[in-house]
Amino acid sequence: MTQHQHEHDHGQDVPSDLALRVKALESLLVEKGLVDPAALDALIDTYEHKVGPRNGARVVARAWVDPAYKQRLLADATAAIAELGYMGRQGEHMMVVENTPKVHNLVVCTLCSCYPWTVLGLPPVWYKSAPYRSRAVIDPRGVLREFGVDLPENVEVRVWDSTAELRYLVLPERPAGTANLTEEELAALITRDAMVGVAKVGVSA
Amino acid sequence: MNGVHDMGGMHGMGPVEHENNEPVFHAPWEGRVFAMNVAMGFWRKWNIDASRHGVEQIPPADYLRMSYYEKWFTRLVGLLLKSGLITQGEFASGRPEGAKQTPPFTAAKAVETLGKGGPYTRNVAVAPRFQVGQRVRARNLNPAGHTRLPRYVRGRAGAVHRDHGVFVFPDTNAQFLGEKPQHLYSVRFAARELWGEEASPRDSVYLDLWDDYLEPA
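Protein sequence lines, in the order shown, are assigned to chains D and P. Heads up: the first sequence begins at 1 in the numbering used here, then just goes up one per residue. Heads up: the second sequence begins at 206 in the numbering used here, then just goes up one per residue.
Keep in mind that the hints were calculated from the coordinates and are not lab data. No experiment lies behind these values; they were computed from the predicted model shown. The beta carbon of each residue, even a glycine, is placed where N, CA and C say it ideally should be.
DEER-style ranges, computed between Cβ atoms:
1. D:K102 to P:A422: 20 to 28 Å
2. P:A313 to D:R145: 43 to 51 Å
3. P:A304 to D:K50: 32 to 40 Å
4. P:G350 to D:E184: 43 to 51 Å
5. D:E184 to P:P265: 43 to 51 Å
6. D:G142 to P:A313: 46 to 54 Å
7. P:N347 to D:T178: 48 to 56 Å
8. P:G350 to D:P101: 41 to 49 Å
9. D:E31 to P:N347: 38 to 46 Å
From just these sequences and the hints, can you work out the full model?
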């Protein structure tokens, strides 16, 4: 049993007829000429195969190897991210917040599920879940511990609640021992979770 | 609205459950629901704020029980009926009435449009009411309609961290009462101001808040 099926057994059960109801609605919309099924396929393909966290990882890796790019990224994230070709829906107004040995950033949307699609793709279930949305602002250190990040008291935690149309990307710290890696190799280390702020980037990631 | 969607600071929701190697969609119907929501938006019968409000209006018990894309399905049906894009009769029977229309959103357009997005900034001369560094208080507002001012910050004092410029105001936009463009700020609230003395003295929460949500502190 996958974890997801397991969750469904405990209060997140999808009615068995939901898939059928979705199909019925799509048929109605198609027959009425309101929707082009090929457009739906294109949308799904975009977020399943083209737009995802590899985009964000390339942004972060570039910032790690190119100090001038990093400066532009922190000053005007939308423009700097567009330099790499990533722009569009739910990435119109980007902010990049930098982790340092003294500051750790964490991104949440307490009101819904706002997330930087252009650089991370669509959000994972946990990001949209009641536990994360309720706790990230009141107990960020507890949430981080559950993700395996135990921050010392002297590190400042900044939580960014995405209440408007600004979308936040965390610039994680570059791990030690990566001086000889290429930009491409660095990008391969960078995870979605690190760019939301619930993980650090590790060399063995 | 003071709905269950406004979750910041609530207790009792349990641990965060992380799924390794999570797929983008867990079943094909989730992808279809996602794509229908995006595609139907191009009829321009609603905007992103009205669409968010559609999810907020799902009754609390259902909101907590439903999976994410079930909420999106419910919201879409609500918007389709309310906007008149489909009728109750059509929804019940599954059969279209009237002449066949032409979708505004084609596959070719889909990729192009997603790549462009649509900015929420407005190029109008509106003076900011607050300056960076200024102490501000989030107003104690309790509108029954859509708002992006979470309960946990109302009445609390913080400082303006950054002026993002002039943005569409969601509270009016969601109700089709106009965009009421105004300055949007990043405001920093100390964790102790929000959660009391138990919170870390170093930590803080930043929210993006519009002029209408704020007053001088």
